[in-house]
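Novice: Read off the chains here:
Protein chains: 2
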Amino acid sequence: MSFVGGVETGGSWCVCAVGSCDGAIVAQERLPTTDPQETLSAIIAFFRRAPRVEVVGVGSFGPVDLDPRSPTWGEVMATPKAGWRNAPVARALQRALDVQVVFETDVGAAALGEQRWGAGQGVGSLAYMTVGTGIGVGLLLGREPWHGISHPEVGHVRVPHDTARDPFPGSCPYHGDCLEGLACGPALAARWGRPAEQLDPDHEAWPLEAAYIAAGLANLVFTLAPERIILGGGVMAAPGLLPRVRRELENLVAGYIQSPALAPGLEQYLVAPALGDDAGVLGAIALACAGSAYAEPRARP
Amino acid sequence: MSFVGGVETGGSWCVCAVGSCDGAIVAQERLPTTDPQETLSAIIAFFRRAPRVEVVGVGSFGPVDLDPRSPTWGEVMATPKAGWRNAPVARALQRALDVQVVFETDVGAAALGEQRWGAGQGVGSLAYMTVGTGIGVGLLLGREPWHGISHPEVGHVRVPHDTARDPFPGSCPYHGDCLEGLACGPALAARWGRPAEQLDPDHEAWPLEAAYIAAGLANLVFTLAPERIILGGGVMAAPGLLPRVRRELENLVAGYIQSPALAPGLEQYLVAPALGDDAGVLGAIALACAGSAYAEPRARP
Chain H
19 MSFVGGVETG
29 GSWCVCAVGS
39 CDGAIVAQER
49 LPTTDPQETL
59 SAIIAFFRRA
69 PRVEVVGVGS
79 FGPVDLDPRS
89 PTWGEVMATP
99 KAGWRNAPVA
109 RALQRALDVQ
119 VVFETDVGAA
129 ALGEQRWGAG
139 QGVGSLAYMT
149 VGTGIGVGLL
159 LGREPWHGIS
169 HPEVGHVRVP
179 HDTARDPFPG
189 SCPYHGDCLE
199 GLACGPALAA
209 RWGRPAEQLD
219 PDHEAWPLEA
229 AYIAAGLANL
239 VFTLAPERII
249 LGGGVMAAPG
259 LLPRVRRELE
269 NLVAGYIQSP
279 ALAPGLEQYL
289 VAPALGDDAG
299 VLGAIALACA
309 GSAYAEPRAR
319 P
Chain V
19 MSFVGGVETG
29 GSWCVCAVGS
39 CDGAIVAQER
49 LPTTDPQETL
59 SAIIAFFRRA
69 PRVEVVGVGS
79 FGPVDLDPRS
89 PTWGEVMATP
99 KAGWRNAPVA
109 RALQRALDVQ
119 VVFETDVGAA
129 ALGEQRWGAG
139 QGVGSLAYMT
149 VGTGIGVGLL
159 LGREPWHGIS
169 HPEVGHVRVP
179 HDTARDPFPG
189 SCPYHGDCLE
199 GLACGPALAA
209 RWGRPAEQLD
219 PDHEAWPLEA
229 AYIAAGLANL
239 VFTLAPERII
249 LGGGVMAAPG
259 LLPRVRRELE
269 NLVAGYIQSP
279 ALAPGLEQYL
289 VAPALGDDAG
299 VLGAIALACA
309 GSAYAEPRAR
319 P
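Chains H and V, in that order, are what the protein sequence lines are.
Going by the numbering used here, the first residue of the first sequence is number 19, and it counts up by one from there.
Going by the numbering used here, the first residue of the second sequence is number 19, and it counts up by one from there.
In isolation and in its complexed conformation, chain H is listed as follows:
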């Protein structure tokens, strides 16, 4: 049995694991995300103790540089997170561990994990959206997560914003009222004065939240018409929110795009993730199993 490694780097926590390509995890550790040097040292120490691997998949918070021809490949780019801008995540692991690193966004990795073992099995074209501290989307349009001149940044699309209904100006430091600025967790907290998890299920926050998320998803459907959309993240844990988003999305899309995939109710089309808390690290393992044109070869001795 041969194993591969997976690392999910998040804003607060990193999860490292070693597992097999049937999705079984044989070693796992959760580390706080502090400064890059300390965090990367802890990740490297985990892999030195764990069963030996030749490939490590990394699903990273972003934005990240995924271009293997770029000198900053495998680094986190314009992040507000202290110390992490241009931290050489992939190359540090590659050099210290003498492994091939497959580097991807956290949502690209999660999409791949859900396609391999979760709610996206058997689905060729898939969008995975997470609504939490930010809004991110991973797109599988073929064998691997889609990148153009950048990875997707669907959180930053603009959607209609009726300032009479919702005078909140949006929380995105770059764009104000982009989708993320209107609908991420911190936007909810700033608009309503308390965190999303303290808002009653009957609060007026939720119809508005569902409308924004559905607007973003409708634009994704009109652009790419993926076979399925997986919608997760901390905010989506709110009771009743997923069915609300389904109804809004159906109102926005159905009748114009005709497909058996959009059967009434959208219960089979817009679904929750199936991998739960392990989605990120399983996605990183899936990356390592899939290999990738975006990986650099192992460092030479």
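A few of these clues could be false.
One copy or two, either will do: identical chains are not told apart, so a pair holds if it fits within one copy or between any two.
Subject to a maximum C-alpha distance of 20 Å in a straight line, what follows is the list of computed SDA-like cross-link-like pairs (lysine to any residue) [to be verified]:
hint, residue 1, residue 2
1, Lys99, Tyr274
2, Lys99, Gly273
3, Lys99, Pro191
4, Lys99, Ala110
5, Lys99, Gln276
Think of the hints as simulated: they come from the structure by calculation, not from any bench.
Add chain V to chain H, keeping to what the hints say.
Specialist: Showing chain V alone in chain H's frame:
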């Protein structure tokens, strides 16, 4: 020298051609689009007179059914154009001419033609947007035009609509103020009381038009980050409009997505089509040359 056929079916005119896969056209004819039976008969008559071909590419106005497993493959779907709903365009040509038909949207075909011979040469991922009677987008994300459960319908995405600045409710019969409803040619005519080509270059119509188109394009960049965008169609012929859209798009995108492709000014990123009036039919010929998983085999004798 072997030839292939191409047909562009448009709302007012159809163009048929026979040409070679280096882009040379050896026979061409322009026919009015009337009812499906008369129009298809005229197309068939053209190919019976023209040099013999084995493959015909068709770029059709839409929405169309592109799923080769569907009983309505090769038909125009929910169109307001009288008589054309469920007209069996592809199968009629296939049967009458004993050819393989490669069936695509008009914009998908045009994208392929521009990639092969025009403004998209050497570009791997490409979006082609036309702003005219409607707004359509063809996406090349790999070897052939992208389809998910449908072809792209990017004209129907929602963009921010400031009703204080622009009280026009939008002209889309399905969505009102979607991108097409706000920015297509008929929307301009309805908003300002005269056709786009009669609006002075200094008219307040143009900054607004540029803002809507750029909002749609920015969402496309945040979603797919294509390597290049080609922007054509009758409305884009307005003097100064393309540079205005470039400026707006740069304001909306640049600084967040970092890529050498987005060099300041966007002159190399957002470009006009290069194939002019022949784009549609050359795209149809490019379809036939490329072949496609979306083609059905030739009808059996």
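Novice: Quick one: Lys99 to Gln276, C-alpha cut-off 20 Å, is that within a copy, between copies, both, or neither?
Specialist: Between copies only: 18 Å across, 43 Å inside.
Novice: Should Lys99 paired with Pro191 be assigned to within, between, both, or neither, using CA atoms and 20 Å as the limit?
Specialist: within (13 Å within a copy, 46 Å between copies)
Novice: Given a CA cutoff of 20 Å, do Lys99 and Tyr274 count as a within-copy pair, a between-copy pair, both, or neither?
Specialist: Only across copies: Lys99 and Tyr274 sit 15 Å apart there, 42 Å inside one copy, limit 20 Å.
Novice: Up to 20 Å between alpha-carbons, please classify Lys99 paired with Ala110: within, between, both or neither.
Specialist: For Lys99 and Ala110, the Cα distance is within 20 Å only inside one copy (19 Å; across copies 60 Å).
Novice: Within a copy, between copies, both or neither: where do Lys99 and Gly273 come within 20 Å Cα-Cα?
Specialist: between (43 Å within a copy, 17 Å between copies)
Going through the hint list in order, the structure satisfies each hint without exception.
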